[in-house]
Amino acid sequence: MAKEIERKFLVKGDGWRKLAEGSVYCQGYISTQKAATVRVRIVGDRGYLTIKGPSIKYSRAEFEYTIPIEDAQEMLNTLCDRPLIEKIRYKLEWGGLIWEIDEFDGVNKGLILAEVELTDEKQQIELPDWIDEEVSENPKYFNSNLVKHPFSQWQSDTNS
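Numbering follows this note's numbering, in which position 50 of the sequence shown is assigned residue number 1201; successive positions increment by one, without gaps.
Source of the hints: derived by calculation from the structure; they are not laboratory data. Take these hints with a grain of salt, some might be off.
Claimed, not checked - Once the Cα atoms are required to be at most 30 angstroms apart in a straight line, the calculated BS3-like pairs of lysine-lysine come out as:
hint: 1; residue 1: K1260; residue 2: K1159
hint: 2; residue 1: K1163; residue 2: K1273
hint: 3; residue 1: K1163; residue 2: K1203
hint: 4; residue 1: K1185; residue 2: K1273
hint: 5; residue 1: K1291; residue 2: K1242
hint: 6; residue 1: K1273; residue 2: K1242
hint: 7; residue 1: K1154; residue 2: K1185
hint: 8; residue 1: K1291; residue 2: K1185
hint: 9; residue 1: K1163; residue 2: K1208
hint: 10; residue 1: K1260; residue 2: K1163
hint: 11; residue 1: K1273; residue 2: K1154
hint: 12; residue 1: K1203; residue 2: K1185
hint: 13; residue 1: K1299; residue 2: K1185
Said to hold, decoys possible - Cβ pair distances, simulated, as ranges:
hint: 14; residue 1: E1284; residue 2: R1168; range: 15 to 23 angstroms
hint: 15; residue 1: L1278; residue 2: D1196; range: 30 to 38 angstroms
hint: 16; residue 1: L1278; residue 2: R1233; range: 12 to 20 angstroms
hint: 17; residue 1: E1277; residue 2: R1240; range: 15 to 23 angstroms
hint: 18; residue 1: T1201; residue 2: Q1274; range: 21 to 29 angstroms
hint: 19; residue 1: D1271; residue 2: N1228; range: 37 to 45 angstroms
By construction, the Cβ of each residue, glycine as well, lies at the ideal position given by its N, Cα and C atoms.
Whole structure, please, built from the sequences with the hints as guidance.
Quick look at the structure:
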């Protein structure tokens, strides 16, 4: 079984920008149930279908497959919940690990998250100075939940 072990953090400042190159991502969710999340994603000229199990601390089952870009686009257009997740993903190496920084656009504009994949849940990591609060176990920061409760609505949610 494929397994994803990942920690997620809020990002502060712009110190990471000069170290990273970004790619445009567009992704949508066909299903976001407790037992599994089904995601369709386009990165550049490639399409992907990903199935993820429920998160337990930092880990979950993950299965990802390359699919024809035409199929991915059709799934995004016809099967995925709205809004779609739009972001630029930047990748950079820090402390011997690859960090992925997602700068969201659209209804999630203003949110910037960093993720790092690990080989073990207890793996020690060196945190860059542009890392802020850890949000690994906070479901509101899961991309699948940003469809249901976009970042642009968080302020109005607290005022209601």
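Exercise. Run the structure past the numbered hints and jot down the numbers of the failing ones, going up.
Key: Checked against the structure, the only hint that fails is number 16, while the rest are satisfied.
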